[in-house]
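Chemist: The whole structure should be built from the sequences, with the hints applied where relevant.
The lines below spell out each chain.
Number of protein chains: 2
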Amino acid sequence: MSTRIGIIGYGNLGRGVECSIRQNDDMELVAVFTRRDPATVSILTETATVCHVDDVQNWKDKIDVMILCGGSATDLPEQTPEYAKYFNVVDSFDTHARIPEHFANVDEQAKAGNNVAIISVGWDPGMFSLNRLYANAILPQGSDYTFWGKGVSQGHSDALRRIEGVKNAKQYTIPVDSALEAVRSGSNPELTTRQKHTRECFVVLEEGADAARIENEIKTMPNYFSDYDTTVNFISEEELMANHSGIPHGGFVIRSGATGWENENKQIIEYSLKLDSNPEFTASTLIAYARAAHRLNTEGQNGCKTVFDIAPAYLSAKSGDVLRAEML
Amino acid sequence: MSTRIGIIGYGNLGRGVECSIRQNDDMELVAVFTRRDPATVSILTETATVCHVDDVQNWKDKIDVMILCGGSATDLPEQTPEYAKYFNVVDSFDTHARIPEHFANVDEQAKAGNNVAIISVGWDPGMFSLNRLYANAILPQGSDYTFWGKGVSQGHSDALRRIEGVKNAKQYTIPVDSALEAVRSGSNPELTTRQKHTRECFVVLEEGADAARIENEIKTMPNYFSDYDTTVNFISEEELMANHSGIPHGGFVIRSGATGWENENKQIIEYSLKLDSNPEFTASTLIAYARAAHRLNTEGQNGCKTVFDIAPAYLSAKSGDVLRAEML
Chain A
1 MSTRIGIIGY GNLGRGVECS IRQNDDMELV AVFTRRDPAT VSILTETATV
51 CHVDDVQNWK DKIDVMILCG GSATDLPEQT PEYAKYFNVV DSFDTHARIP
101 EHFANVDEQA KAGNNVAIIS VGWDPGMFSL NRLYANAILP QGSDYTFWGK
151 GVSQGHSDAL RRIEGVKNAK QYTIPVDSAL EAVRSGSNPE LTTRQKHTRE
201 CFVVLEEGAD AARIENEIKT MPNYFSDYDT TVNFISEEEL MANHSGIPHG
251 GFVIRSGATG WENENKQIIE YSLKLDSNPE FTASTLIAYA RAAHRLNTEG
301 QNGCKTVFDI APAYLSAKSG DVLRAEML
Chain B
1 MSTRIGIIGY GNLGRGVECS IRQNDDMELV AVFTRRDPAT VSILTETATV
51 CHVDDVQNWK DKIDVMILCG GSATDLPEQT PEYAKYFNVV DSFDTHARIP
101 EHFANVDEQA KAGNNVAIIS VGWDPGMFSL NRLYANAILP QGSDYTFWGK
151 GVSQGHSDAL RRIEGVKNAK QYTIPVDSAL EAVRSGSNPE LTTRQKHTRE
201 CFVVLEEGAD AARIENEIKT MPNYFSDYDT TVNFISEEEL MANHSGIPHG
251 GFVIRSGATG WENENKQIIE YSLKLDSNPE FTASTLIAYA RAAHRLNTEG
301 QNGCKTVFDI APAYLSAKSG DVLRAEML
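Protein chains in written order, with this note's numbering: chain A, 1 to 328; chain B, 1 to 328.
No lab work stands behind these hints: they were computed from the structure. One or more hints might be untrue.
[To be verified] Below, a list of computed lysine-lysine pairs in the BS3-like style, where the Cα atoms sit at most 25 Å apart:
1) B:Lys219 - B:Lys196
2) B:Lys318 - A:Lys318
3) A:Lys318 - B:Lys111
4) B:Lys60 - B:Lys111
5) A:Lys266 - B:Lys60
Modeler: Dropping the structure here:
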């Protein structure tokens, strides 16, 4: 079964989805929808069309799954319910605290439209969530730890750029090795925010800006930096472009549990990601779940689902027979 | 929903299942079935009964899921199809090459009995298989690596004990650190058997046995040791009991993939286990999948399934609402 894909929103994530489709023989990119003038957007896939997002309803019978590549702050809360009326959809909604509300809104519209919607796909939420669930189900006695990095935090980089006198900046979140090792030892440490992660900033100053004032402003910024050991490096714009233009990320989900009649045996489950490109990895999970959305809808299912509700075999292009023979 | 569990076979795995049930409030151990004289088998759970395995059919209406804790060589190929006629069953069948045949046999009987059977549950096959599937679905371009250990290999320890002059022995499989690091670097190395694992043997000799002959016999044993760098340590029975009586194990599943229009970005997914008790961890996964088997059957499903076919939410005692709010 081949799946015809549409992409709404063509930023880093949308381009990542386009690249992932190219790696999957059963996937075809049909159209990219944009709020910009379509004539100004050039895509990589020669066989696909660029359209204005206002035309999306004309594509109802030509697209099996629409992948929503907007942002979680304002785009997806509106777009996912709206498009779930007309299409099977997959999104990467990542505002953890608002997932229950988003789920309810999307579920109502997906059921009304008899479509399948899969929300909060990616790695956190997404693969990290899955690993928390599996590990907790297997080891009900234990503690969960999540570490992020080493990787670029878009939100923290934006916070740096908003400071007066900062021309450009990148921020890396870095897990503390000694904290990771303590968790892996099974000692179940209680870790403060400061003990788990450090923050490293690379900042390009406007001409004549006061470096000392800016460094102090960064290190004392509440919520973003004041609770962390933060390092600030002032560099040139050229150096920032040359050495810090990637979007790497990753992290660790560890369950430190115990089994036995008296909980006498330690059991450690660890899942980790080391990603050169955060948006391309997220995009690759969106495509795997798009395959599942299409199949589930073809089987007659509808409504909103998350990674928790999808049997793993639905993600693979291979048949059950082949999966059992090759991967089990 | 509470699940009433029966255990068939009361060795290390059966005892592990009993311990896991104690950690799960929605699980109840009803009876343990044995081929031995029930009067000679004492279990830890005061509220459960020990019965002869010949009486198992009398328990059809008192047990929701039967957990089969026999061996894969001769017990499970007969037991799982047999009991799937009468009960929902879960097993840890781990002869990878014979899984398709086992699946077909169990599927036929489970469908005839309108029961759910979940086979090959544990960590390899089991959680390792799941991670291979997820990682391959997300990163279709890439290479898979599985390392085992550090841990006790029962099969290799048995092979040592069969050598003339060996009184007792334990064998540890140890992944080679430099191979693990090469894989984690994303260089996609081609690794020989010898480069991936070493084998460490702790051997207690019979009185008067020829140590040099035995060491040579071990190191040259085909299939088991000749393809590996093997270390042989001769120790006393006391030392073996004091330092090598545990059953630890674990390992690593790594997918080294690439994304991007020209596969230009490396993406590494790693899953690892560090287990003090191999059988208790396997038992804990059996109980999580027993919960799923009971629920799926209550929803009207039947037939044979594997970990690939079970949506993760079925493993947890928590509701979908709670899972989305707490773990997604």
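Chemist: Take the hints in turn and mark each one as holding or not.
Modeler: Results for each hint:
At roughly 17 Å between alpha-carbon atoms, B:Lys219 and B:Lys196 fall within 25 Å of each other, so this suggested pair holds. Between B:Lys318 and A:Lys318 the alpha-carbon distance is near 31 Å, which puts this suggested pair outside the 25 Å criterion. At most 25 Å may separate the alpha-carbon atoms for a hinted pair to count; A:Lys318 and B:Lys111 meet this at roughly 24 Å. Between B:Lys60 and B:Lys111 the CA atoms are separated by roughly 16 Å; this keeps the pair inside 25 Å, and the hint holds.
With a C-alpha separation of about 35 Å, the suggested pairing of A:Lys266 with B:Lys60 is violated against the 25 Å cut-off.
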